[in-house]
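Protein chains: 2
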Amino acid sequence: MPQSFDFGPWPPLAYVNSRLERASERRNDHDYIESAIRHSTARAVIISGERVVLRKRGTPMDVLFAIDEARSFGVESEPVFLGLANDAPRFGFSMAPDAAERLKTSDLLVIDLRSIVVQGLLAQEDLQPIAVAKALLTWHAKHRFCANCGAPTQSSEAGWRRDCGSCGAQHFPRTDPCVIMLAIDGERCLLARSARFPQGMWSCLAGFVEPGETLEEAVRRETREEAGVQVGRVVYFSSQPWPFPMSIMIGCHAEATATKLRVDPNEIEDARWVPRAEAALMLERKHKDGLSTPPPAAVAYHLIRAYVERGPDVLREIR
Amino acid sequence: MPQSFDFGPWPPLAYVNSRLERASERRNDHDYIESAIRHSTARAVIISGERVVLRKRGTPMDVLFAIDEARSFGVESEPVFLGLANDAPRFGFSMAPDAAERLKTSDLLVIDLRSIVVQGLLAQEDLQPIAVAKALLTWHAKHRFCANCGAPTQSSEAGWRRDCGSCGAQHFPRTDPCVIMLAIDGERCLLARSARFPQGMWSCLAGFVEPGETLEEAVRRETREEAGVQVGRVVYFSSQPWPFPMSIMIGCHAEATATKLRVDPNEIEDARWVPRAEAALMLERKHKDGLSTPPPAAVAYHLIRAYVERGPDVLREIR
Chain Z
147 MPQSFDFGPW PPLAYVNSRL ERASERRNDH DYIESAIRHS TARAVIISGE RVVLRKRGTP
207 MDVLFAIDEA RSFGVESEPV FLGLANDAPR FGFSMAPDAA ERLKTSDLLV IDLRSIVVQG
267 LLAQEDLQPI AVAKALLTWH AKHRFCANCG APTQSSEAGW RRDCGSCGAQ HFPRTDPCVI
327 MLAIDGERCL LARSARFPQG MWSCLAGFVE PGETLEEAVR RETREEAGVQ VGRVVYFSSQ
387 PWPFPMSIMI GCHAEATATK LRVDPNEIED ARWVPRAEAA LMLERKHKDG LSTPPPAAVA
447 YHLIRAYVER GPDVLREIR
Chain B
147 MPQSFDFGPW PPLAYVNSRL ERASERRNDH DYIESAIRHS TARAVIISGE RVVLRKRGTP
207 MDVLFAIDEA RSFGVESEPV FLGLANDAPR FGFSMAPDAA ERLKTSDLLV IDLRSIVVQG
267 LLAQEDLQPI AVAKALLTWH AKHRFCANCG APTQSSEAGW RRDCGSCGAQ HFPRTDPCVI
327 MLAIDGERCL LARSARFPQG MWSCLAGFVE PGETLEEAVR RETREEAGVQ VGRVVYFSSQ
387 PWPFPMSIMI GCHAEATATK LRVDPNEIED ARWVPRAEAA LMLERKHKDG LSTPPPAAVA
447 YHLIRAYVER GPDVLREIR
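These protein sequence lines are chains Z and B, in that order. So the first sequence is numbered by the working numbering: it starts at 147 and just counts up by one. So the second sequence is numbered by the working numbering: it starts at 147 and just counts up by one.
Everything labelled a hint here was simulated from the structure, so no lab data went into it. Each hint can be trusted.
Identical chains blur together in the list; that is why a pair holds if it fits in one copy or across any two.
Only pairs whose alpha carbons sit at most 25 Å apart, straight line, appear in this in silico SDA-like list of lysine to any residue: (1) K288 <-> Q300; (2) K406 <-> N232; (3) K288 <-> D309; (4) K288 <-> F318; (5) K288 <-> H317; (6) K432 <-> E415; (7) K288 <-> S312; (8) K288 <-> G311; (9) K288 <-> C310; (10) K406 <-> L166; (11) K406 <-> R422; (12) K432 <-> S261; (13) K202 <-> R217; (14) K202 <-> L166; (15) K288 <-> R320; (16) K288 <-> E303; (17) K432 <-> E333; (18) K406 <-> S170; (19) K406 <-> G229; (20) K406 <-> L230; (21) K288 <-> S301; (22) K406 <-> E171; (23) K288 <-> S302; (24) K406 <-> N163; (25) K406 <-> R172; (26) K288 <-> P391; (27) K406 <-> D233; (28) K406 <-> A231; (29) K288 <-> F354; (30) K202 <-> P442.
Sequences are here, hints too, so could you generate the full structure?
Structure (structure tokens):
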């Protein structure tokens, strides 16, 4: 009889469940946005590439700055409007790398988003506004010109669109759908390593959804391409915004129908079928060889944990 | 006691389940692609904006053309490599509107993709390769310049990437994730009309997933923004490639928690709570006022039908 596992309460996914109301109907109201940014309750997050500016003050730290203070730090360009937190306007500013470096001399920390999450430097509710700001500001930084005609474009709709004054094209922020899946063969599951992973870490396979395929087809294709494994049934589990740079991770469990491994070295470093009891040790950081899963902030942890706790029952469908 | 409905076998969704193997590992093999397009079994689909070139021959019609014949029609530019169908290479070509108009004088039909699906002009397995080609070729047409620096870009990877020779940026095809959801309040469901819909047609609400939100958050936000309705539980149903121009529709059922309607006239024309028995008549095209749902090729039909057949049980989760 299989072992039973229960690790207690589930930790939250990162980048979900903020208290931000996006108030998208306000984005094209120029007067509103102008007054919102001058409002005494207005605050901004400051993003510099992969890094975020924090104010040290114990844990959690503070990621919200008054608009004038943010401007005094030397933020770039115009802000993006993130929405309202209990009616208080929230914005995002970008900052050049050299300006961010100079901030490190004060009571401020400039640190990459992954470290913020892994070290738990911010309150859970502050992570999603950063994810929104980072995805939007990265998109702006890489889309200053019109893909249709090559002319410079301008930000509009409070940062939610870019307009070409030359050909008239309107460009919208991009979000790349990406499937991440745990293939299951009874009492073992398929974990893989990318060369980019920290030592000892194994995770789920993942890949971008291509034009003209369903989520389920993407799960099957990526599992076959990267590990040579065939999967049949695919069961959606949950999704997570993933601002590296601008994806949404769509997590699924999948039932293996042919289990022989054939690793594509261009895609992953290694893949193996991991017994459920061993995956439990990896989740708990108690594996004898120091192997581990991604941290609880990532949907991969949740996919693996759901399987470890419930076994192949995660593949039961309601339909 | 609620009525029971069973409409028999389910029709297939459009744009899914082709027999195409994408063979993505071949895309960067220039010699392979060069030989594949000269192979005797190579065939191409021809896309002109929203329209597709078909050869009349009863139903289903033929959408695959020999490469030399496609070129003789005056297709544009280089092809995109769609993959292999039973080892036979498949490509997609684009064609300028005026060249497509000229083809209408022969045994060929040039017709928009929606009509092809609604009229059932093609075999089910031929729809997905068209969706892939249309999404890719539309992306190429609208991304001839580098969004990062404004210089012209060139197609690479057999049409699956565009490269900038000036700043070195690599651009990948875009797929926009879009949620489409049926909100349920016991024995009634929420249907809405867009001004773009054919007369009498009502469907599910839908909208793009924004940067930094989960699928479930997007479902809740769009339902609230467009109709004023609050939903809690969200249950994934199925997904569908939607090449208008390059989306993936992610279909969900959602449980209403506050049902008062407040329609946003900028987003939709009208919304109403439709009793399950009335939705059944709309699905079957037997509604006394001529109201109807989208056709069976669309995931909206499937979302509504699943609810009509199974009732609020579609909201049961396995977790």
